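So the protein sequences, as listed, match chains F and P.
Going by my numbering, the letters in the first sequence line up with residues 65 to 153, in that order.
Going by my numbering, the letters in the second sequence line up with residues 607 to 859, in that order.
Mixed in with the good hints, there may be bad ones.
What the hints assert, rightly or not - If we take Cβ atoms under 7 Å as the criterion, some of the chain F residues that face chain P in the derived model are:
| no. | residue |
| --- | --- |
| 1 | Phe76 |
| 2 | Ile85 |
| 3 | Ser94 |
| 4 | Phe95 |
The hints are simulated quantities; they were obtained by calculation from the structure and are not laboratory data.
Given the structure is predicted, the values throughout are model-derived calculations rather than measurements.
Cβ coordinates follow ideal geometry from the N, Cα and C atoms, glycine included.
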Amino acid sequence: MADEFMKGFGLFSVASFLWLISASWYRTPSFESTRQLIAAPPEDPGTMFDSLGIFLGDLMFWTAILGAFTFWVVVPAGRQARSALVVDE
Amino acid sequence: MSDDNQHDARTDGGTGIVPPDDDTPTWSERKSRRSGLPRLTYEYFERARREDQNLREESTYVERDVLAFPTWPHELIRNLALTSFFVGMLLLLSATLPPHIGNPANPSSTPSIILPDWYLYWSFGLLKLNDLNPALSLVGGQKLMADRTFGVLANVVVVGAIAMVPFLNKGSARRPVEQPFWAAIGMGGVTFALTLSLLSIKNLMPMDVHLLFDLTFLAPIVIGCLTYAVLKTMREGYMYDLNRRYYRLRPPK
């Protein structure tokens, strides 16, 4: 169980760190804004690299949330359900 | 420390432990004293020693001949790992985050929002308790003191309460579960500091100001009660014996 926790935690921390980097570039209009990291990204990203950065930021955001959810909730719940349902083990 | 192995000198490096010389009373000499401070001292340390011995006999831990972990490698490897982590985080963040170099401050114009440093927000929040300043109908609905005086008095009250805590409880508990009430007081205080800090920046908080004001005082009470309940529940199964000897080695309450 500790392993599952560490997998979820590792996914959560690494992915949210990468999200932080992307969001600080593309979702922070100003460091004096009250909508830092959560503002909408620019409509027309200039280059392919910028659109790639925005896409990877979104990807990392959902990786952090779904990764933690998977390893902290789904996998343990699946194991519990399996040990409750399967009798001959 | 008993008579048998008193002369069993150990050479495990400079431990700072002074071997007994001829002037040092032996353990049996201490024991033979029947009154006063020497007797009390004997009982005090003998009780601690006896409990220590009992715990050692019960335990399965293998005793070593050193009094602590060596600095190298145990301590230094840990410290190097922690240092490397934080230096790495600093380098990574400074390399990847966009630089923030704001405009230079204009000394001739005062900003519209003035705030102290973040660690003083709690005190700043205490200056914003205008709604708590009672208006007395006796003097025609006037307030007895100005709001700013009330805020300063609130600071005096809170700082005074914090200063009184060590006199009310010496803190002989090693862990929160040993004294749930005082742990709850502490958690409530920390929460109060946090909510006061949020109150002090109420013009930046994305919520109703009156709700924020109520939560400032209700949330610490709720958190305190929660802490108390959780710790009271955790008391069951907590092994007090393992910690009792630490009490003995500290001054009694």
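Okay, the hints, checked on the actual structure:
1. At about 16 Å, the closest approach between the beta carbon of F:Phe76 and any beta carbon in chain P exceeds 7 Å, and the interface hint on this residue is violated.
2. For F:Ile85, the suggested interface contact is upheld, since its CB lies about 5 Å from the closest CB of chain P, less than 7 Å.
3. The closest approach between the C-beta of F:Ser94 and any C-beta of chain P is roughly 9 Å, which is over the 7 Å cut-off, so the hint fails.
4. Because the beta carbon of F:Phe95 sits about 5 Å from the nearest beta carbon in chain P, less than 7 Å, this interface hint is met.
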